[in-house]
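For chain A, the structure is supplied; the task is to place chain B with the ligands on it using the hints.
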Amino acid sequence: MSALLQVSGLTAHYGDFQALFGVDLALEPGEVLAIIGANGAGKTTLMRAITGIARVSGGTITLAGAPISGRPAPDILRAGIAMVPEGRRLFPSLTVEENLKIGAHARRGSGFWDLERIFALFPVLKERRAHPGTALSGGQQQMVAIGRALMSNPSVLLCDELSLGLAPVVIREIYAAFPMIRDSGTALLVVEQDIGQALKMADQVHCMMEGRIRLSGRPQDLSREAIHDAYFGVSHG
Amino acid sequence: MIWLDTLVQGLLLGGLYALFAAGLSLVFGIMRLVNLAHGDLIVLGAYLILGIGTATGLNPFLAALLALPVMFALGMALQAGLLNRVLGEDILPPLLVTFGLSVVIQNGLLTAFSADSRKLPLGPVEAASVPLGPVTIGTMPLLTFGSAILVILALNWLFYRTALGRAFRATSDDPVTAQLMGIRPQRIFAVATGIALVVATIAALYLGARANFDPSIGPARLLYAFEAVIIGGLGSLWGTLAGGLVIGVAQAFGAALNPEWQILAGHIAFVLVLLLRPRGLFPRALD
Ligand SMILES: Nc1ncnc2c1ncn2[C@@H]1O[C@H](COP(=O)(O)OP(=O)(O)OP(=O)(O)O)[C@@H](O)[C@H]1O
Ligand SMILES: [Mg+2]
Numbered sequence: 001m002s003a004l005l006q007v008s009g010l011t012a013h014y015g016d017f018q019a020l021f022g023v024d025l026a027l028e029p030g031e032v033l034a035i036i037g038a039n040g041a042g043k044t045t046l047m048r049a050i051t052g053i054a055r056v057s058g059g060t061i062t063l064a065g066a067p068i069s070g071r072p073a074p075d076i077l078r079a080g081i082a083m084v085p086e087g088r089r090l091f092p093s094l095t096v097e098e099n100l101k102i103g104a105h106a107r108r109g110s111g112f113w114d115l116e117r118i119f120a121l122f123p124v125l126k127e128r129r130a131h132p133g134t135a136l137s138g139g140q141q142q143m144v145a146i147g148r149a150l151m152s153n154p155s156v157l158l159c160d161e162l163s164l165g166l167a168p169v170v171i172r173e174i175y176a177a178f179p180m181i182r183d184s185g186t187a188l189l190v191v192e193q194d195i196g197q198a199l200k201m202a203d204q205v206h207c208m209m210e211g212r213i214r215l216s217g218r219p220q221d222l223s224r225e226a227i228h229d230a231y232f233g234v235s236h237g
Numbered sequence: 001m002i003w004l005d006t007l008v009q010g011l012l013l014g015g016l017y018a019l020f021a022a023g024l025s026l027v028f029g030i031m032r033l034v035n036l037a038h039g040d041l042i043v044l045g046a047y048l049i050l051g052i053g054t055a056t057g058l059n060p061f062l063a064a065l066l067a068l069p070v071m072f073a074l075g076m077a078l079q080a081g082l083l084n085r086v087l088g089e090d091i092l093p094p095l096l097v098t099f100g101l102s103v104v105i106q107n108g109l110l111t112a113f114s115a116d117s118r119k120l121p122l123g124p125v126e127a128a129s130v131p132l133g134p135v136t137i138g139t140m141p142l143l144t145f146g147s148a149i150l151v152i153l154a155l156n157w158l159f160y161r162t163a164l165g166r167a168f169r170a171t172s173d174d175p176v177t178a179q180l181m182g183i184r185p186q187r188i189f190a191v192a193t194g195i196a197l198v199v200a201t202i203a204a205l206y207l208g209a210r211a212n213f214d215p216s217i218g219p220a221r222l223l224y225a226f227e228a229v230i231i232g233g234l235g236s237l238w239g240t241l242a243g244g245l246v247i248g249v250a251q252a253f254g255a256a257l258n259p260e261w262q263i264l265a266g267h268i269a270f271v272l273v274l275l276l277r278p279r280g281l282f283p284r285a286l287d
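Chains as they are written, first to last, in the numbering used here: chain A, 1 to 237; chain B, 1 to 287.
Some hints here could point you the wrong way.
Said to hold, decoys possible - Residues from chain A that keep clear of chain B, each with C-beta distances beyond 12 angstroms, as calculated: (1) Asp16; (2) Phe21; (3) Gly22; (4) Thr62; (5) Ser69; (6) Ala82; (7) Met83; (8) Arg107; (9) Ser110; (10) Val124; (11) Arg212; (12) Gly217; (13) Leu222.
Said to hold, decoys possible - Listed next, with one range per pair, are the computed distances between beta-carbon atoms: (14) A/Gly58 to B/Tyr160: 43 to 49 angstroms; (15) B/Ala55 to A/Glu86: 55 to 61 angstroms; (16) A/His131 to B/Asn258: 17 to 23 angstroms; (17) B/Gly57 to A/Phe112: 56 to 62 angstroms; (18) A/Gly65 to B/Pro283: 49 to 55 angstroms; (19) A/Gly165 to B/Leu164: 30 to 36 angstroms; (20) B/Gly57 to A/Arg108: 40 to 46 angstroms; (21) A/His13 to B/Trp157: 31 to 37 angstroms; (22) A/Phe17 to B/Gly51: 53 to 59 angstroms; (23) B/Val86 to A/Pro168: 47 to 53 angstroms; (24) A/Ser110 to B/Val70: 35 to 41 angstroms.
Unchecked claim - One-sided excerpt, in silico: chain A residues whose CB lies under 10 angstroms from chain B: (25) Gly9; (26) Gly52; (27) Leu90; (28) Phe91; (29) Ser93; (30) Ala106; (31) Met151; (32) Val169.
Treat the hints as calculated values from the structure; they're not laboratory data.
Idealized CB from N, CA, C, for every residue including glycine.
In isolation and in its complexed conformation, chain A is listed as follows (with noise of 0.2 angstroms):
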């Protein structure tokens, strides 16, 4: 029985360049896999070959047993998975309401995700939800960015970097999120360069250099040491 998001042997080129090299992982339903690595490791390619975005070179993905690796992204957001991604990409030319429903684009019928409850998560949206939504502060553009994926419901949420430039106060304010995001059933693939966030929130944590995983386990299994050296690529003797 394969987890509900399995990733074998996935390589990613662009150009000659191979950003990933073999990388395996399995997330199962309601999980949080946090994954860590130095700024170039591939984590962001992994996440856009996961969704689609960007082109496999081989090994598979497959979601509830069904494979999608290379298939267009709309197909695979449609089949469960959501991306918040790196920088928040919000649309400028659409409110944040707008561009929350616009995360429904593609959903028939209805889940538990819909504006209303996305404004009980971060109550701040709902009062500026006529505002352009690149108008508003980057953490508010990040709960714009997290609620317009949750509104496809998906069964798996990748995150790109939620903490990228925010303040250590905000950050905290929008993993406060997470535990009802969890408790919608939703599984999350995190990537987080905030390694003490990270350990915190995560059931696993996969740590990643050069295109590799280099250091695998629960937070409460490893050790800062071999965190540090799966990191920065040192190795004790």
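For chain B with the ligands alone, coordinates are given in the frame of chain A:
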């Protein structure tokens, strides 16, 4: 008084130009595609209305109604089968392909209908007019103008008030992120071109009713449309209406001074506006 009359005639003519331009503006706003065959597609629409009218005996207004879905389907097919394949970072391939399409349409029409001038036979309404204060206005120009306003209103409603319009704007902003929302940009583009040809068909009705047309007049209509879009500011629909009016009024005043100056006056207005406002009258904040 003659000046007021000229102004009104110019505004009414501008409505026709705005109709020529609206579809071009819509397509450019959504997919940054400059369709060089737009004028020829309007002429094709006029022949389609003529053909349907001849075959069924319906008057041009009803024939145009039948032509609308045909042109919508043609637009979808054109985008899905041809234009989507050449859209990309490089803006040259779509220009070449639509230029080629322009030539193909002109020659196709020439073969099918010959070079003879045609006109859509509207009947008595052609000569009808309504007195409006100190000036008398032809019913057809008034209908044209009213249709232009309605088309712009409808397109704005579609763009800003519907789920489809939301998807248009999102795709225009960022086609990659739009795909993460489940939007299929190529499908969105096909629908947009379908709608552009619906507007082109409305323009075709008034083009063919106002004056004679033949297979070769498309490129000149494209030029007016193009100027209207640029005067208005790329991607702004109200701007496109304003651009059409500017050209129409300039042409009317040019013609009032000397009939040979009509076309030239429109082009001069275009150049003047560009000199004073290089991004047009209503530039979109983001591009
Ligand atoms: N579009 C691209 N073209 C060519 N090379 C790319 C492209 N995008 C990323 N790369 C390269 O692929 C490698 C992995 O990049 P990626 O963005 O996946 O890293 P990352 O772990 O997300 O880094 P960061 O923490 O900075 O976001 C890097 O060496 C990067 O330079
Ligand atoms: Mg990254």
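How the hints compare with the structure:
1. Asp16: holds, 20 angstroms
2. Phe21: holds, 25 angstroms
3. Gly22: holds, 25 angstroms
4. Thr62: Non-interface label stands for threonine 62 of chain A: nearest chain B Cβ at 20 angstroms, farther than 12 angstroms.
5. Ser69: At roughly 16 angstroms from the nearest Cβ of chain B, serine 69 of chain A sits farther out than 12 angstroms, so the non-interface label holds.
6. Ala82: violated, 7 angstroms
7. Met83: The assertion about methionine 83 of chain A is violated, with a minimum of 6 angstroms to chain B.
8. Arg107: violated, 8 angstroms
9. Ser110: With a cut-off of 12 angstroms, serine 110 of chain A remains clear of chain B, as the shortest Cβ separation is near 16 angstroms.
10. Val124: holds, 22 angstroms
11. Arg212: holds, 26 angstroms
12. Gly217: Non-interface label on glycine 217 of chain A holds, nearest chain B Cβ at 30 angstroms vs cutoff 12 angstroms.
13. Leu222: holds, 31 angstroms
14. A/Gly58 to B/Tyr160: 43 to 49 angstroms: holds, 44 angstroms
15. B/Ala55 to A/Glu86: 55 to 61 angstroms: holds, 58 angstroms
16. A/His131 to B/Asn258: 17 to 23 angstroms: For histidine 131 of chain A and asparagine 258 of chain B the Cβ distance comes to about 53 angstroms; the hint is violated.
17. B/Gly57 to A/Phe112: 56 to 62 angstroms: holds, 58 angstroms
18. A/Gly65 to B/Pro283: 49 to 55 angstroms: Roughly 51 angstroms apart at Cβ, these two residues keep to the hinted range, so it holds.
19. A/Gly165 to B/Leu164: 30 to 36 angstroms: holds, 34 angstroms
20. B/Gly57 to A/Arg108: 40 to 46 angstroms: Holds - the Cβ-Cβ distance for glycine 57 of chain B and arginine 108 of chain A, about 45 angstroms, lies within 40 to 46 angstroms.
21. A/His13 to B/Trp157: 31 to 37 angstroms: With a Cβ separation near 45 angstroms, histidine 13 of chain A and tryptophan 157 of chain B fall outside 31 to 37 angstroms, so the hint is violated.
22. A/Phe17 to B/Gly51: 53 to 59 angstroms: Since phenylalanine 17 of chain A and glycine 51 of chain B have Cβ atoms about 56 angstroms apart, the given range 53 to 59 angstroms holds.
23. B/Val86 to A/Pro168: 47 to 53 angstroms: holds, 48 angstroms
24. A/Ser110 to B/Val70: 35 to 41 angstroms: holds, 38 angstroms
25. Gly9: Since chain B brings no Cβ nearer than about 24 angstroms to glycine 9 of chain A, farther than 10 angstroms, the hint is violated.
26. Gly52: Constraint on glycine 52 of chain A satisfied, holds at 8 angstroms.
27. Leu90: holds, 8 angstroms
28. Phe91: Since the shortest Cβ distance to chain B is 4 angstroms, the answer is holds.
29. Ser93: holds, 4 angstroms
30. Ala106: holds, 3 angstroms
31. Met151: holds, 9 angstroms
32. Val169: violated, 27 angstroms
Hints 6, 7, 8, 16, 21, 25 and 32 from the earlier list are contradicted by this structure; the remaining hints agree with it.
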